[in-house]
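Chemist: Protein chains in written order, with my numbering: chain A, 1 to 240; chain D, 1 to 323.
What the hints contain is simulated information worked out from the structure, not anything from laboratory work.
Possibly wrong hints are sitting among the right ones.
[To be verified] Residues of chain A clear of chain D, computed beta-carbon distances all greater than 10 angstroms:
| hint | residue |
| --- | --- |
| 1 | 57 |
| 2 | 80 |
| 3 | 98 |
| 4 | 132 |
| 5 | 146 |
| 6 | 159 |
| 7 | 173 |
| 8 | 176 |
| 9 | 183 |
| 10 | 192 |
| 11 | 213 |
[Unchecked claim] Pairwise CB distance ranges (calculated):
| hint | chain 1 | residue 1 | chain 2 | residue 2 | range |
| --- | --- | --- | --- | --- | --- |
| 12 | A | 77 | D | 75 | 35 to 43 angstroms |
| 13 | A | 194 | D | 18 | 35 to 43 angstroms |
| 14 | D | 213 | A | 194 | 26 to 34 angstroms |
Since we're looking at a predicted model, the values are computed, not measured.
Virtual Cβ for every residue (Gly too), placed ideally from N, Cα, C.
The chain contents come next:
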Amino acid sequence: MSSPPDSGSPRFPPTRLSLVEALGSTDPIQRTPAYDVLIGIYWKPVCRYLEVARRFAREDAEDLTQDFFARAFDRGSLDSYDPSKARFRTFLRICLDRFVANAIERDGRLKRGGGLMAAPLDAADAGPAVDPEQLFRREWIRSLFDAALAAVAEDCRSRGKETQLAVFLAYDIEPAAEDERPSYRDLAVRFDIPVTQVTNHLALVRRAFRKEALERLRAVTASPEDFAAEARDLFGTDVQ
Amino acid sequence: MTPLDDRALDRLEDVARTTDLSHPRYQLGPLIASGGMGSVYQARDLLLERDVAIKVLRGLDPAPGLADRLGQEARILARLDHPGLVPVHDAGALNDGRPFYVMRLVHGERLDHHVTRAAPSLAERLRIFLKICEPVAFAHAQGIVHRDLKPANIMVGPYGEVLVLDWGIAKVRGAAPLPAGPATAVAPGGPGATGPGSVLGTAGFMAPEQAAGDADLDERADVWSLGAVLRELLRDLPGPPPRPVAGIRDRALAPSPADRYPDVTALTRDVGAYLDGAPVSAYRENPFERVARFAGRHRTAIGLIAAYLLMRLLLLALDRPPG
Numbered sequence: 001m002s003s004p005p006d007s008g009s010p011r012f013p014p015t016r017l018s019l020v021e022a023l024g025s026t027d028p029i030q031r032t033p034a035y036d037v038l039i040g041i042y043w044k045p046v047c048r049y050l051e052v053a054r055r056f057a058r059e060d061a062e063d064l065t066q067d068f069f070a071r072a073f074d075r076g077s078l079d080s081y082d083p084s085k086a087r088f089r090t091f092l093r094i095c096l097d098r099f100v101a102n103a104i105e106r107d108g109r110l111k112r113g114g115g116l117m118a119a120p121l122d123a124a125d126a127g128p129a130v131d132p133e134q135l136f137r138r139e140w141i142r143s144l145f146d147a148a149l150a151a152v153a154e155d156c157r158s159r160g161k162e163t164q165l166a167v168f169l170a171y172d173i174e175p176a177a178e179d180e181r182p183s184y185r186d187l188a189v190r191f192d193i194p195v196t197q198v199t200n201h202l203a204l205v206r207r208a209f210r211k212e213a214l215e216r217l218r219a220v221t222a223s224p225e226d227f228a229a230e231a232r233d234l235f236g237t238d239v240q
Numbered sequence: 001m002t003p004l005d006d007r008a009l010d011r012l013e014d015v016a017r018t019t020d021l022s023h024p025r026y027q028l029g030p031l032i033a034s035g036g037m038g039s040v041y042q043a044r045d046l047l048l049e050r051d052v053a054i055k056v057l058r059g060l061d062p063a064p065g066l067a068d069r070l071g072q073e074a075r076i077l078a079r080l081d082h083p084g085l086v087p088v089h090d091a092g093a094l095n096d097g098r099p100f101y102v103m104r105l106v107h108g109e110r111l112d113h114h115v116t117r118a119a120p121s122l123a124e125r126l127r128i129f130l131k132i133c134e135p136v137a138f139a140h141a142q143g144i145v146h147r148d149l150k151p152a153n154i155m156v157g158p159y160g161e162v163l164v165l166d167w168g169i170a171k172v173r174g175a176a177p178l179p180a181g182p183a184t185a186v187a188p189g190g191p192g193a194t195g196p197g198s199v200l201g202t203a204g205f206m207a208p209e210q211a212a213g214d215a216d217l218d219e220r221a222d223v224w225s226l227g228a229v230l231r232e233l234l235r236d237l238p239g240p241p242p243r244p245v246a247g248i249r250d251r252a253l254a255p256s257p258a259d260r261y262p263d264v265t266a267l268t269r270d271v272g273a274y275l276d277g278a279p280v281s282a283y284r285e286n287p288f289e290r291v292a293r294f295a296g297r298h299r300t301a302i303g304l305i306a307a308y309l310l311m312r313l314l315l316l317a318l319d320r321p322p323g
């Protein structure tokens with residue numbers, strides 16, 4: 001517990017307990033994996049949020065992220081989540097803001113100015129405006145999709161579907177700009193397959209990606225309502 | 001694998017949001033509308049080279065019964081051939097197994113939006129209302145009750161054509177009832193989407209017996225809903241509606257089905273009668289109102305007669321010998 005994730009694929013709680021129930025469990029068999037799942041998806045967004053939105057130096061951001069999750073684990077500060085008040089993602093960010101405010105007050109090590117800025121975004125010298133909520137959401141999605149993509153890639157390789165994966169990566173992931181995106185015909189020539197197969201390969205891997213992303217979302221949301229709301233936002237659809 | 005850059009993330013967000021409409025014949029376009037059961041996309045029919053609309057079951061993991069409902073809706077629309085209903089061209093299943101059906105791409109705006117934007121006169125509103133009633137009466141004649149009539153399910157086209165949409169929870173007389181879907185609450189009133197639930201329909205546009213879960217409801221449930229639509233059509237008029245029109249609305253909205261119009265045809269007959277200046281069954285007028293209505297209905301003839309009589313009086317006066 002309390003270490004940065006080394007892979008994009010967090011483990012999942014062994015039961016159908018909701019994330020919050022598992023986080024609040026007194027049984028370490030439930031609780032520890034739940035925190036691992038939480039950290040697997042939230043570590044990078046939290047760290048990035050502290051670095052960009054709260055303008056901490058990277059080392060400080062990493063230390064604070066570590067401390068935040070360690071404290072949440074020790075004190076159970078995320079157990080009090082109430083699904084009727086906010087999404088879990090928003091709740092976690094609010095907890096993080098409170099934690100940072102307390103840390104700044106408590107710890108003289110985090111000084112304002114120089115390379116150790118901890119200024120709120122609305123400070124006069126904050127530079128280009130960044131909506132903290134939007135930033136945190138985007139980094140959270142990036143982390144979620146990173147994990148889903150890693151799982152899809154692993155699954156494709158294990159099942160001998162390297163070509164399908166390669167077509168997907170070449171079309172949806174690798175192009176640095178829209179005008180560098182290859183046409184289906186380019187991909188067909190490059191991978192020596194019919195154009196119709198490009199469509200099929202893309203559909204197959206995209207479908208697998210959606211499924212993986214949805215499953216990861218289910219694992220890192222705190223309740224069925226939280227999951228439904230996030231899924232509607234992210235997938236534009238209702239899921240049970 | 002390196003972390004996703006911003007462009008790849010944007011593309012994956014699109015991938016996540018895009019229905020997997022990989023189908024050899026239809027090329028997916030933008031999302032047009034989203035309801036309780038399905039999402040409607042604009043699409044290109046590559047075979048016939050025309051734009052169409054595709055309704056796809058919402059959700060990657062739909063509740064049991066919803067696929068049956070979508071199929072039933074397609075079959076109902078295919079059975080009902082009427083200019084006030086959207087024709088179905090095709091039906092099938094996507095690669096991921098979700099059912100879809102293809103229909104004509106409808107242009108226009110929702111009834112409530114149309115009324116807000118165009119602010120039609122009372123007579124125009126009543127003529128729109130008659131056009132809404134026509135396909136509903138036609139469906140009733142085929143044994144089909146819509147059960148979810150509301151402004152959000154009615155489209156007004158650029159040439160004044162009116163289409164009644166969303167037959168997803170329609171009841172087919174004599175058919176076994178389909179599962180209600182997930183046990184969610186009834187959708188709130190207003191422009192909201194229909195909520196699938198043990199009681200199907202939309203609060204505010206649902207007849208009392210329908211809200212009470214009556215399984216034996218008949219066409220008069222739609223009469224009530226049409227009354228609610230009429231109520232909405234009359235809502236923002238300057239001043240109260242004329243008494244006969246209010247009487248029509250109130251009879252359609254009678255809490256007991258026995259007190260309502262027995263069918264949509266009777267309702268439209270009253271609305272048509274009002275537009276023609278004839279008496280309506282839902283309102284007993286007093287003698288003054290009867291005279292005023294008569295005068296209004298025959299004002300041209302009365303004007304001509306009055307002019308004729310005035311002229312005769314003038315001629316009589318001029319013909320009288322002096323002294």
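Chemist: Of all the hints numbered above, which does this structure not satisfy? Sort the numbers upward.
Modeler: As far as the earlier hints go, 5, 7, 8, 11, 12, 13, 14 are violated by this structure, in ascending order.
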